[in-house]
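Take these sequences, add in the hints, and give me the full structure.
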Amino acid sequence: MSTTIDIARNTLLAPANLQENHIDQVMEQLLAARIDAADIYFQSSRLESWVLEDGIIKEGSYNIEQGVGVRAMSGEKTGFAYTDEIELPSLLEAGRTARAIARSGSQRGVRIQGVARKHDYYQPINPLTTLTESEKVALLQRLDAEARRQDPRVTQVIASLVAAHDVVLVARSDGHLSGDVRPLVRCNVHVIVEQDGRREQGSSGGGAREGFHFFIDQERALGYAREAVRQALVNLEAVAAPAGTMPVVLGPGWPGILLHEAIGHGLEGDFNRKGTSAFSGRIGQRVATRHCTVVDDGTLPNRRGSLSIDDEGTPGQNTVLIEKGILQGYMHDRLNARLMGMESTGNGRRESYAHLPMPRMTNTYMLPGEEDPAEIIASVKRGLYAVNFGGGQVDITSGKFVFSASEAYLIENGRITAPVKGATLIGNGPDVLTKVSMVGNDLELDSGVGTCGKEGQSVPVGVGQPTLKVDELTVGGTN
Amino acid sequence: MNDLNERQAQLQQMVEDMLREAERQGASGAEAGVNFDIGLSASIRLGVVETIEHTRDQGMGVTVYFGQSKGSASTSDFKPEAIRDTVRAACDIARFTSADPCNGLADAELMAREQPDLDLYHPWNIDVDQAIAIGIECEAAARDLDPRITNSEGATLNSHRGIQVYGNSHGFIGGYPSSSHSISCAVVGQQGDSMQRDYWYTSARSPEDLESAQTVGRCAGERTLARLGARQIKTCEAAVIFQAEMAVSLLRSLTGAIRGSALYRRSSFLLDQLGQQIFPACVHIHENPLLPRGLASAPFDAEGVATAPKDLVRDGVLCSYVLGSYSARKLKMQSTGNAGGVRNLTIDPGELDLAGLLKEMGSGLLVTELMGSGLNMVTGDYSRGAAGFWVEHGEIQYPVEEITIAGNMRDMFAGVQAVATDVEQRGSIRTGSWLLRPMMIAGS
Numbered sequence: 001m002s003t004t005i006d007i008a009r010n011t012l013l014a015p016a017n018l019q020e021n022h023i024d025q026v027m028e029q030l031l032a033a034r035i036d037a038a039d040i041y042f043q044s045s046r047l048e049s050w051v052l053e054d055g056i057i058k059e060g061s062y063n064i065e066q067g068v069g070v071r072a073m074s075g076e077k078t079g080f081a082y083t084d085e086i087e088l089p090s091l092l093e094a095g096r097t098a099r100a101i102a103r104s105g106s107q108r109g110v111r112i113q114g115v116a117r118k119h120d121y122y123q124p125i126n127p128l129t130t131l132t133e134s135e136k137v138a139l140l141q142r143l144d145a146e147a148r149r150q151d152p153r154v155t156q157v158i159a160s161l162v163a164a165h166d167v168v169l170v171a172r173s174d175g176h177l178s179g180d181v182r183p184l185v186r187c188n189v190h191v192i193v194e195q196d197g198r199r200e201q202g203s204s205g206g207g208a209r210e211g212f213h214f215f216i217d218q219e220r221a222l223g224y225a226r227e228a229v230r231q232a233l234v235n236l237e238a239v240a241a242p243a244g245t246m247p248v249v250l251g252p253g254w255p256g257i258l259l260h261e262a263i264g265h266g267l268e269g270d271f272n273r274k275g276t277s278a279f280s281g282r283i284g285q286r287v288a289t290r291h292c293t294v295v296d297d298g299t300l301p302n303r304r305g306s307l308s309i310d311d312e313g314t315p316g317q318n319t320v321l322i323e324k325g326i327l328q329g330y331m332h333d334r335l336n337a338r339l340m341g342m343e344s345t346g347n348g349r350r351e352s353y354a355h356l357p358m359p360r361m362t363n364t365y366m367l368p369g370e371e372d373p374a375e376i377i378a379s380v381k382r383g384l385y386a387v388n389f390g391g392g393q394v395d396i397t398s399g400k401f402v403f404s405a406s407e408a409y410l411i412e413n414g415r416i417t418a419p420v421k422g423a424t425l426i427g428n429g430p431d432v433l434t435k436v437s438m439v440g441n442d443l444e445l446d447s448g449v450g451t452c453g454k455e456g457q458s459v460p461v462g463v464g465q466p467t468l469k470v471d472e473l474t475v476g477g478t479n
Numbered sequence: 001m002n003d004l005n006e007r008q009a010q011l012q013q014m015v016e017d018m019l020r021e022a023e024r025q026g027a028s029g030a031e032a033g034v035n036f037d038i039g040l041s042a043s044i045r046l047g048v049v050e051t052i053e054h055t056r057d058q059g060m061g062v063t064v065y066f067g068q069s070k071g072s073a074s075t076s077d078f079k080p081e082a083i084r085d086t087v088r089a090a091c092d093i094a095r096f097t098s099a100d101p102c103n104g105l106a107d108a109e110l111m112a113r114e115q116p117d118l119d120l121y122h123p124w125n126i127d128v129d130q131a132i133a134i135g136i137e138c139e140a141a142a143r144d145l146d147p148r149i150t151n152s153e154g155a156t157l158n159s160h161r162g163i164q165v166y167g168n169s170h171g172f173i174g175g176y177p178s179s180s181h182s183i184s185c186a187v188v189g190q191q192g193d194s195m196q197r198d199y200w201y202t203s204a205r206s207p208e209d210l211e212s213a214q215t216v217g218r219c220a221g222e223r224t225l226a227r228l229g230a231r232q233i234k235t236c237e238a239a240v241i242f243q244a245e246m247a248v249s250l251l252r253s254l255t256g257a258i259r260g261s262a263l264y265r266r267s268s269f270l271l272d273q274l275g276q277q278i279f280p281a282c283v284h285i286h287e288n289p290l291l292p293r294g295l296a297s298a299p300f301d302a303e304g305v306a307t308a309p310k311d312l313v314r315d316g317v318l319c320s321y322v323l324g325s326y327s328a329r330k331l332k333m334q335s336t337g338n339a340g341g342v343r344n345l346t347i348d349p350g351e352l353d354l355a356g357l358l359k360e361m362g363s364g365l366l367v368t369e370l371m372g373s374g375l376n377m378v379t380g381d382y383s384r385g386a387a388g389f390w391v392e393h394g395e396i397q398y399p400v401e402e403i404t405i406a407g408n409m410r411d412m413f414a415g416v417q418a419v420a421t422d423v424e425q426r427g428s429i430r431t432g433s434w435l436l437r438p439m440m441i442a443g444s
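Just so you know, the sequences run in chain order A and B. Residue numbering for the first sequence follows this note's numbering, starting at 1 and increasing by one per position. Residue numbering for the second sequence follows this note's numbering, starting at 1 and increasing by one per position.
Simulated from the structure, these hints should not be mistaken for lab results. Be aware that one or more of the hints could be misleading.
[What the hints assert, rightly or not] Computed list of lysine-lysine pairs in DSBU-like fashion (alpha-carbon distance at most 35 Å, straight line):
no. : chain 1 : residue 1 : chain 2 : residue 2
1   : A       : K454      : A       : K77
2   : B       : K359      : A       : K454
3   : A       : K435      : B       : K234
4   : A       : K435      : A       : K454
5   : B       : K79       : A       : K324
6   : A       : K381      : B       : K234
7   : B       : K79       : A       : K454
[Said to hold, decoys possible] Below, a sample of chain A positions facing chain B; criterion: calculated Cβ distance under 10 Å:
no. : residue
8   : L52
9   : G75
10  : S134
11  : I426
For every residue, glycine included, the Cβ atom is placed at its ideal position computed from N, Cα and C.
Take a look at the structure:
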């Protein structure tokens with residue numbers, strides 16, 4: 001396991017002639033103030049993106065970002081500063097700024113040491129170089145051709161390929177030093193279709209902590225092109241969505257955004273420490289039917305939301321949030337875990353060195369139940385079957401959450417009938433899972449497209465679920 | 001930033017160096033931008049400091065053209081060799097992108113010849129202790145309002161100042177410093193078992209234009225209290241008022257639908273509507289990028305094109321798209337100086353204040369919060385989560401939540417009955433509250 005940390009050292013410290021004893025020096029300077037904990041986060045990121053539109057490779061860009069964030073914590077107080085210059089004088093200056101949060105204390109010594117870990121959940125590769133530029137361009141052109149080949153009504157195809165190579169090194173005041181190399185690729189196909197003056201759109205994509213071959217294996221990317229067209233054509237036929245409260249069957253996979261919005265955010269440690277979440281103080285209580293077991297799992301191999309270590313050096317974990325309907329625990333970073341007298345669950349994440357860590361989800365999903373998905377649909381007299389979604393949002397405090405269906409159908413007398421236009425679904429987080437009466441045996445994870453926003457910071461996440469039925473949910477149609 | 005002039009000269013030099021380097025590496029044209037921003041953020045919660053953040057962001061980006069192929073690259077690294085490496089990365093990309101006849105710099109004759117001083121730079125010489133004191137005063141004003149305010153997400157003061165410089169191989173180079181400051185507060189109220197949270201903020205180029213910390217705190221507290229006891233209403237069709245803050249999102253949807261990229265992709269619900277009546281005749285919407293101290297003001301757009309005030313909607317008729325040079329060429333039109341977006345959009349207010357607008361509506365829904373995305377840009381179909389107040393006889397009756405409102409954006413635009421005088425001033429879009437014809441509301 002030394003390879004990953006060596007790559008991180010070579011990428012981040014060597015170019016500036018920095019050694020571990022220099023980090024000790026910055027840490028000792030931080031600890032000269034009365035602080036409980038401190039960390040130094042080195043990061044180097046390379047991001048590349050290619051966009052095809054109108055059948056040609058229209059745009060390409062390459063972005064380099066690197067820097068160091070220095071954080072000092074004293075009780076509930078945090079001082080934070082960062083620099084784009086990975087050099088000792090800049091580090092010392094950032095450290096002096098961050099520690100100003102606390103009064104001076106007595107001098108303490110620190111000796112940073114690399115920490116080995118048991119598991120890596122993805123390979124420490126640079127995904128940008130896993131295909132040549134010509135191959136990337138050719139892949140996008142195949143996606144364009146594949147989408148247009150599906151149907152003459154396709155008028156526009158926008159396809160994109162994005163790869164990020166993120167190398168991080170985390171040093172903590174308890175002497176812990178660990179590194180991670182995080183590859184991330186993403187492919188997306190967006191199409192517009194037109195028929196008799198009516199236009200619609202469809203979108204599909206995927207991604208993983210792998211190289212670009214992920215998209216070529218099993219013709220995954222071509223599948224995105226076909227799926228985008230299929231969705232757009234379904235929407236061309238869509239009728240007005242119903243309005244009101246009714247049974248809703250959610251398809252497997254990406255509709256797991258339900259769990260992310262309805263309960264995931266509300267179980268993040270910061271809101272619960274502060275008592276501002278609708279779930280605050282409810283551990284051990286029933287928040288779902290006995291069919292529901294929900295986990296946040298950063299250990300799934302190569303998944304978009306997985307983390308070998310989080311941004312505070314804690315190994316990725318599989319944390320049970322709800323077991324058979326009973327709330328088991330929250331997701332923690334180190335700050336909130338310390339203040340609540342608990343352990344970090346490996347959920348301390350940050351968008352970059354220029355942002356502060358906070359508790360964030362990784363891959364959040366519900367374990368499979370026993371029902372046949374067909375029987376779940378057959379059990380509904382009149383309701384909605386929603387299989388694809390756009391984004392969602394939640395008000396942590398009131399518990400109200402929304403998620404917007406982009407592909408949905410009416411269920412009439414136990415059968416799927418007409419496709420309906422996109423509609424927003426709204427519910428109450430703390431009780432929506434108490435209305436889940438059936439859970440399917442068909443657990444799926446999403447294709448690797450999720451990005452979660454919180455307090456202005458974006459991080460990649462995953463969701464998943466089996467087909468499930470919510471007995472009552474408010475559907476925001478027009479009919 | 002005492003060394004402001006020096007810093008601006010330095011950034012200008014970097015842009016010139018990048019353009020020269022692009023030429024040296026064989027580019028037929030190039031454009032480059034550099035920005036630098038420093039800031040202080042102080043957050044208070046329950047009367048004590050929660051976080052003090054010192055921010056310092058910098059970046060430079062370059063786009064190179066080889067004939068009609070282009071490539072872009074950017075970096076946060078300001079070391080001298082970074083210029084060469086970044087330009088090289090952009091050139092490497094350009095080798096693999098396709099020639100596109102619409103690519104290129106904006107036309108030379110459109111470049112801003114003058115760069116008026118828009119009064120955008122008012123740094124706040126505030127130290128950490130002063131920032132903390134303001135945050136404490138702000139949060140206390142909210143918490144002291146009522147015993148039902150039981151918890152807090154805190155108050156935050158943000159102060160930023162920076163410089164941006166843009167140049168291109170037409171010989172255009174321009175730059176200016178700017179500042180922005182804000183104070184915000186969010187508190188939690190409790191009634192029985194249920195909690196509600198709401199917030200308020202103030203934002204301005206100059207600290208002297210900010211609302212007082214006390215006002216911000218008091219508003220946050222009052223807004224939270226007003227939501228306590230919220231309930232769902234029955235599914236119904238009813239008239240809707242979008243309170244000014246929320247009406248901003250409707251104008252944002254308008255500009256999203258008339259921007260060049262949505263139009264040439266034929267992915268807009270306002271396709272081919274130039275010269276058409278899309279609002280009632282009482283609606284006038286205009287853009288003023290040169291507004292002194294405006295939060296979105298700029299003397300030139302993201303391509304160096306001179307900005308100027310213009311009408312977007314006059315007497316309800318759409319009279320301009322918002323275009324940069326690329327989409328303008330795709331549409332065989334001319335850039336409207338909107339590369340980088342729309343700057344200070346204003347809809348003329350009518351004669352009624354919000355209370356008057358409520359009377360005009362009689363009964364219906366006052367929307368004060370929207371959740372989720374919920375707009376299909378291609379069709380205009382609209383469905384979003386909402387919270388607000390139920391209104392009868394022109395008076396607020398009780399708070400409502402867990403509902404959705406749905407319709408089609410074209411019908412919503414055509415159904416604007418009146419715009420109130422309670423103009424939202426805190427962003428790039430300025431509007432009062434809108435009264436719309438009935439929409440479908442889904443609830444219990």
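key: Hint numbers not upheld by this structure, sorted from lowest to highest   = 2, 5
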